[in-house]
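The listed protein sequences correspond, in order, to chains G, Y, C and D. Just so it is clear: in the first sequence, position 28 is 27 by numbering that gives the first Met the number 0, and no numbers are missing. Just so it is clear: in the second sequence, position 33 is 32 by numbering that gives the first Met the number 0, and no numbers are missing. Just so it is clear: in the third sequence, position 216 is 215 by numbering that gives the first Met the number 0, and no numbers are missing. Just so it is clear: in the fourth sequence, position 171 is 170 by numbering that gives the first Met the number 0, and no numbers are missing.
Simulated from the structure, these hints should not be mistaken for lab results. Bear in mind that the values here come from a model prediction, so they are computed numbers and not experimental data. We treat Cβ as the ideally placed atom computed from N, Cα and C, and that holds for glycine. A portion of the hints provided could be inaccurate.
Claimed, not checked - Computed list of lysine-lysine pairs in PhoX-like fashion (alpha-carbon distance at most 25 Å, straight line):
#	chain 1	residue 1	chain 2	residue 2
1	G	K297	Y	K122
2	Y	K219	D	K190
3	G	K166	C	K219
As the list claims (entries may be wrong) - Negatives, chain G to chain D, calculated, CB over 12 Å:
#	residue
4	N64
5	H121
6	K136
7	D218
8	K219
9	N220
10	I228
11	K302
12	S306
13	I319
What the hints assert, rightly or not - Label pairs and their in silico Cβ distance ranges:
#	chain 1	residue 1	chain 2	residue 2	range
14	G	E331	Y	A114	47 to 55 Å
15	C	D218	G	K166	20 to 28 Å
16	D	S315	G	K166	49 to 57 Å
17	Y	Y119	G	T188	22 to 30 Å
18	Y	S41	C	S38	38 to 46 Å
19	D	E331	G	L221	45 to 53 Å
20	D	D51	G	A125	58 to 66 Å
21	C	H121	G	L221	28 to 36 Å
22	C	P50	G	T188	39 to 47 Å
23	D	D4	G	M280	49 to 57 Å
24	C	W310	Y	H121	51 to 59 Å
There are 4 protein chains.
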Amino acid sequence: MVKFDCDYMQGAVPEILTRIASINDEQIDGYGFDGYCDSAKSKIREACGLPDADVEFMIGGTQTNMVAITATLRSFEGVIAAETGHIYVHECGAIENMGHKVISLPSHNGKLDPAEVKEYMHKFYADETYPHMVMPKMVYISHPTELGSLYTLDELKALRSICDEYKMLLYVDGARLGYGLNASNTDVTLKNLAENVDMFYIGGTKVGALFGEALVIKDKNLIPNFFSIKKQSGAVLAKGWLLGLQFDTLFTDNLYNNISRHAIVMAEKLRQGFIDKGYRMYSDSYTNQQFFILKKDKIEELKKKVSFAAWEEFDSDHRIVRFATSWATGEEDVEELLKLI
Amino acid sequence: MVKFDCDYMQGAVPEILTRIASINDEQIDGYGFDGYCDSAKSKIREACGLPDADVEFMIGGTQTNMVAITATLRSFEGVIAAETGHIYVHECGAIENMGHKVISLPSHNGKLDPAEVKEYMHKFYADETYPHMVMPKMVYISHPTELGSLYTLDELKALRSICDEYKMLLYVDGARLGYGLNASNTDVTLKNLAENVDMFYIGGTKVGALFGEALVIKDKNLIPNFFSIKKQSGAVLAKGWLLGLQFDTLFTDNLYNNISRHAIVMAEKLRQGFIDKGYRMYSDSYTNQQFFILKKDKIEELKKKVSFAAWEEFDSDHRIVRFATSWATGEEDVEELLKLI
Amino acid sequence: MVKFDCDYMQGAVPEILTRIASINDEQIDGYGFDGYCDSAKSKIREACGLPDADVEFMIGGTQTNMVAITATLRSFEGVIAAETGHIYVHECGAIENMGHKVISLPSHNGKLDPAEVKEYMHKFYADETYPHMVMPKMVYISHPTELGSLYTLDELKALRSICDEYKMLLYVDGARLGYGLNASNTDVTLKNLAENVDMFYIGGTKVGALFGEALVIKDKNLIPNFFSIKKQSGAVLAKGWLLGLQFDTLFTDNLYNNISRHAIVMAEKLRQGFIDKGYRMYSDSYTNQQFFILKKDKIEELKKKVSFAAWEEFDSDHRIVRFATSWATGEEDVEELLKLI
Amino acid sequence: MVKFDCDYMQGAVPEILTRIASINDEQIDGYGFDGYCDSAKSKIREACGLPDADVEFMIGGTQTNMVAITATLRSFEGVIAAETGHIYVHECGAIENMGHKVISLPSHNGKLDPAEVKEYMHKFYADETYPHMVMPKMVYISHPTELGSLYTLDELKALRSICDEYKMLLYVDGARLGYGLNASNTDVTLKNLAENVDMFYIGGTKVGALFGEALVIKDKNLIPNFFSIKKQSGAVLAKGWLLGLQFDTLFTDNLYNNISRHAIVMAEKLRQGFIDKGYRMYSDSYTNQQFFILKKDKIEELKKKVSFAAWEEFDSDHRIVRFATSWATGEEDVEELLKLI
């Protein structure tokens with residue numbers, strides 16, 4: 000069975016397994032206070048062009064969002080997200096469980112429209128009852144979004160400007176960041192992303208690591224006592240070097256970008272194959288997630304030989320489906336899929 | 000200055016002040032364990048036709064919503080509300096602060112559309128990723144709504160049926176319940192409201208009391224240890240008899256309905272006056288809140304002599320305004336207002 | 000039946016009821032934004048010698064503690080209290096429910112020993128695992144304590160100094176503050192209390208008001224957006240003037256002190272009466288709560304004619320009992336009690 | 000440098016690394032819904048003698064405690080722990096951050112005394128103010144404790160009986176469970192532990208795994224929707240098979256016990272060596288953590304060649320120190336340490 004269900008179905012790039020094995024007998028200090036973490040942090044800081052940033056290794060995406068977002072909000076403050084945003088829909092209310100409202104705005108192909116954010120903020124403070132309302136203190140975006148789309152540099156700058164105007168933080172969920180940075184038509188680089196936002200995380204779980212995300216906090220004083228907050232959230236890994244070692248590997252010899260680019264090449268091939276056969280795209284994605292509108296009977300037939308995610312109904316005859324490539328996708332699998340459709 | 004800003008601008012019906020004064024020297028047990036509370040509870044149970052219900056006296060509306068809603072939800076469960084619902088907009092995230100998502104659905108003149116709730120629930124469980132999502136466990140409505148509108152008995156029954164189908168609780172915010180039950184064209188009585196919902200509160204703060212709300216919990220075993228939850232929330236009044244005495248007074252000799260009816264008569268007079276002069280209504284309200292669309296310059300002129308709430312812009316020339324009557328509204332004030340418009 | 004159960008068994012000083020009645024028909028702005036609140040705040044600021052302090056009116060003691068304490072702590076920070084402290088024992092975990100640990104230290108007649116607080120803090124930071132532990136950020140004391148005892152000015156200053164050394168806030172629960180300030184042998188005045196602490200509340204519920212506490216925050220910028228936090232906690236009273244008016248009354252013509260002093264005089268008479276008859280005191284209290292050690296059969300006999308609080312067992316034959324006087328205690332009641340013992 | 004700082008300083012038993020590498024290219028379903036997890040659960044259920052138990056794989060110990068404990072408590076309920084308990088001291092208030100009080104009782108060599116728990120519960124319900132207090136709903140113990148001590152089977156049964164009497168749950172933190180079960184003088188087996196408690200976790204992080212704990216919930220209906228709670232807590236691992244595979248390996252061919260036994264043999268050798276040289280033990284531990292009282296200058300000298308944990312001062316000349324062995328401890332390292340002392 001060929002599988003395109005998601006981008007976290009396989010282990011890790013071989014380099015990571017090799018390195019873990021190679022230091023398995025070393026006695027290493029716990030909780031992330033070790034040389035592998037230090038080295039990885041240095042490489043990430045350099046790649047981001049942020050020599051003074053704090054880099055914190057986390058275990059997974061929901062955990063990273065939960066800790067990073069709620070550590071910076073006061074009790075009556077909330078975070079703006081697209082109504083398709085992961086924190087709004089698919090984290091089982093993790094942000095709310097920690098006490099904060101996620102304020103949803105319309106999704107445009109998975110993205111927030113900066114103009115709508117500006118309008119929301121303008122109206123918010125124009126309403127004299129605003130002290131009775133949750134005060135927006137952060138804008139959350141995902142890049143790529145849950146629909147595979149990407150912000151342009153201009154859009155990022157527009158959001159930055161709105162956040163500055165209204166004293167809000169700009170935070171990027173980069174669970175699939177590698178697949179965004181290595182898309183063919185993006186003008187957003189890691190450095191200019193880093194320049195325009197306050198915090199973001201570089202996804203490892205979906206991009207070559209066994210697990211792990213690297214949270215980059217531009218102003219290292221933004222969240223004092225981060226370790227204690229992480230500990231309190233059950234987010235500290237005793238063998239923290241497992242995270243450092245993986246990111247050190249991914250940020251050596253451009254590995255993170257190289258494996259991401261592979262997923263993009265596979266996605267583009269897949270995308271073109273569907274287009275060539277006349278399938279309709281649901282979202283115009285240039286990253287590793289490709290969405291199409293398929294007839295229900297076609298889906299049933301395909302499911303016998305390929306696994307993939309069938310999303311909601313598009314109309315009574317069609318559903319939206321998603322095919323995800325990853326760093327581990329084999330070209331032969333894409334070719335087999337294209338033969339089947 | 001004539002004031003129609005809101006319905007909680009004046010003290011209490013004189014009967015309440017008289018009774019408080021009359022027992023001021025009595026030594027009464029604390030925390031609501033007193034005869035006045037017992038008597039009030041009996042009268043409320045009888046008025047609701049719910050001889051076995053639990054009745055809990057609370058201090059204010061946000062507190063009642065916060066305690067009642069969050070005491071019945073598990074950590075990953077949420078509450079559905081209209082996007083205009085008080086808990087969604089104007090309680091500063093009290094529900095989220097206690098850990099729970101408020102799931103918003105479109106507002107239709109302030110109300111939820113039962114068909115849309117049904118559709119939401121159907122789609123929710125049809126989506127195989129639902130364990131990653133906040134599970135709706137309660138439907139919150141306000142009656143009257145924040146826009147003055149009222150559910151019909153058929154709508155209530157439809158919501159009841161959906162809640163039964165999906166094992167959800169139906170909860171009614173009755174901050175202005177008296178003004179709903181005593182509207183001229185409603186078919187919802189206290190008894191049939193009580194029959195169709197799981198919990199609701201009878202508003203006192205806006206309907207004749209100095210402060211206080213009576214939360215009615217149909218199944219008295221729904222929230223075990225309610226007192227401890229109330230205490231923990233800072234919601235226990237040491238001199239609990241102050242609440243019991245007020246509700247005992249309001250539920251004696253039909254006082255609650257009589258004073259509510261007065262507010263309705265005043266609102267109807269006000270409404271007709273505006274209609275007669277050709278003003279456009281913003282929401283078709285038959286309760287104590289009346290919404291109109293006024294020209295901005297007209298608003299400025301009026302504001303010199305009358306105070307009222309100016310809501311958001313309707314268009315570049317107009318704003319939405321609200322005039323609220325209450326149990327304390329003087330007929331001469333309505334007449335003066337009508338002369339001014 | 001003579002009642003000495005507690006100090007919140009009767010309504011309010013007559014002056015308060017009179018004033019409420021006198022403005023019952025006035026239309027007053029909501030949420031505490033009114034002239035009565037403003038006037039009360041001014042008087043309290045002056046009485047405290049803190050012209051720049053923020054004064055916030057709250058409804059009850061647990062609510063005040065919960066909001067004031069948790070609004071100033073970050074998620075991993077906690078508050079130190081005596082193991083007999085109200086927040087540690089009798090608020091049903093309100094502080095923990097808001098996410099914060101109450102760190103208990105031994106009680107010495109209801110009080111914290113400043114030397115023990117200092118020792119705790121010294122050891123805390125000397126332990127290199129402290130980032131894994133809840134960081135003490137506040138010291139909570141009650142004055143008078145739950146056992147009726149009082150801090151001396153030297154003790155307050157010692158706590159102040161420790162708090163300064165370890166960057167902690169010093170907070171005083173003044174539910175019975177009037178009874179502390181008006182004890183015969185105290186050297187703590189309202190002004191020097193105010194000078195030495197960061198926040199405290201002046202209890203109204205137990206000292207002449209129907210309900211209400213006045214929270215004084217020395218640095219008015221300590222808790223930005225206090226209103227929103229209060230709203231979110233269900234702690235905003237729609238008719239906020241009810242609180243302002245009561246405190247305005249209590250802080251006019253020295254009423255608060257005068258009525259407090261009455262309770263002290265009654266307590267001293269009661270205390271002397273017990274001593275004269277050879278009863279053993281459980282705690283050496285000079286405030287309105289008097290604790291004695293009574294034989295169990297004596298308690299049963301007394302309970303037929305007097306009500307009071309029977310606390311835990313002292314030994315197999317004796318229990319600890321508490322008699323509370325208040326602003327409303329009648330001298331004839333004290334005399335009757337003394338005849339009965 | 001020989002290192003005895005803790006028991007999580009090295010990677011994993013080689014069998015685990017080998018298996019991860021062997022399936023690195025397999026496409027495996029996410030979130031723990033895979034065959035490796037299923038297989039591991041079966042083996043654990045069998046080892047525990049609990050064919051119907053729920054087994055949930057978690058990432059770390061604090062996370063497991065936080066999720067398992069708070070998922071079973073209502074908002075006003077708390078958990079009893081020894082004052083040395085990990086949740087009381089070293090999890091940065093994770094339980095409180097989720098809203099619940101940890102109620103501390105005295106530590107006896109790291110353990111709760113069942114008689115004191117019983118006494119506490121008796122007094123709790125005898126105090127008529129108990130609805131104002133946090134209601135104990137769970138007893139937390141660690142086995143081995145933080146001081147290396149072990150409960151006897153009789154003590155476990157006594158706690159079980161108290162929990163039954165007061166309708167409390169009994170939960171065991173088994174971060175080092177293997178080192179407890181394989182101590183030379185214990186009468187507690189995995190099966191009789193499982194029989195006497197409601198929930199416990201089998202530690203992997205400190206016992207041979209890279210990371211991971213297996214939470215065993217005897218009544219599989221105790222925590223409905225466990226997955227959603229886990230997701231909400233940021234505790235779901237996308238590649239859940241990483242946990243299943245590790246526990247499957249540990250529970251094959253008695254590996255978990257074998258590697259644990261090795262740590263015990265090393266600890267016993269270390270212990271005997273210290274005793275032979277006349278050192279005083281701080282706690283009488285038969286598990287992998289050994290505590291001694293050392294002179295401060297001896298500590299400084301030793302620290303040049305060995306790393307270990309220096310705990311608090313014992314007296315002005317001495318400190319308490321801890322040496323931890325693990326599944327990975329080399330016999331030659333123990334021998335070198337013994338030469339140095």
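We went through each hint and held it up to the structure:
Between K297 (chain G) and K122 (chain Y) the alpha-carbon distance is near 22 Å, which keeps this suggested pair within the 25 Å criterion. Taken as a hint, the K219 (chain Y) and K190 (chain D) pair is broken in the structure, with Cα atoms around 41 Å apart against an allowance of 25 Å. A threshold of 25 Å between alpha carbons decides the hint, and for K166 (chain G) with K219 (chain C) the separation of about 21 Å falls inside it, so the pair holds. Annotated as non-interface, N64 (chain G) brings its C-beta within 12 Å of a C-beta of chain D; the closest such distance is 8 Å.
Here H121 (chain G) stays apart from chain D, with its beta-carbon at least about 33 Å from theirs, past the 12 Å limit. Non-interface call for K136 (chain G) relative to chain D: holds, since the shortest CB-CB distance, roughly 20 Å, exceeds 12 Å. With a minimum CB-CB distance of about 23 Å to chain D, D218 (chain G) clears the 12 Å threshold, and the non-interface call stands. Annotated as non-interface, K219 (chain G) keeps its C-beta farther than 12 Å from every C-beta of chain D; the closest such distance is 20 Å.
N220 (chain G), annotated as away from the interface, keeps every beta carbon of chain D farther than 12 Å; the closest lies near 20 Å. The claim that I228 (chain G) is not at the interface with chain D is violated, since a C-beta of that chain comes within 12 Å of its own (minimum 8 Å). At roughly 15 Å from the closest C-beta of chain D, the C-beta of K302 (chain G) stays outside 12 Å, upholding its exclusion from the interface. Taking the minimum C-beta to C-beta distance to chain D, about 8 Å, the non-interface status of S306 (chain G) is violated against the 12 Å cut.
Chain D leaves I319 (chain G) outside its interface by the beta-carbon criterion, the shortest separation being 20 Å against a cut-off of 12 Å. A C-beta distance of roughly 48 Å is found between E331 (chain G) and A114 (chain Y), which places it inside the suggested range of 47 to 55 Å. Taking 20 to 28 Å as the suggested C-beta distance range, the pair D218 (chain C) and K166 (chain G) conforms, at roughly 21 Å. About 52 Å separates the C-beta atoms of S315 (chain D) and K166 (chain G), a value consistent with the hinted range of 49 to 57 Å.
The hint said 22 to 30 Å for the Cβ distance between Y119 (chain Y) and T188 (chain G), and at roughly 40 Å that hint is violated. S41 (chain Y) and S38 (chain C) have their C-beta atoms about 41 Å apart, which keeps the hinted 38 to 46 Å range intact. Checked against the hint of 45 to 53 Å, the pair E331 (chain D) and L221 (chain G) passes, with Cβ atoms roughly 47 Å apart. Evaluation of the 58 to 66 Å hint for D51 (chain D) and A125 (chain G) yields a pass: the beta carbon distance comes to about 59 Å.
Range check, H121 (chain C) to L221 (chain G): Cβ separation about 30 Å, and the 28 to 36 Å hint holds. Checked against the hint of 39 to 47 Å, the C-beta distance between P50 (chain C) and T188 (chain G) comes to roughly 55 Å, which is inconsistent with it. One distance hint, 49 to 57 Å for the beta-carbon pair D4 (chain D) and M280 (chain G), holds here, with the actual separation near 55 Å. Range check, W310 (chain C) to H121 (chain Y): about 57 Å between beta-carbon atoms, so the 51 to 59 Å window is met.
Violation of the numbered hints given earlier is confined to hints 2, 4, 10, 12, 17, 22; the remaining hints are satisfied by the structure.
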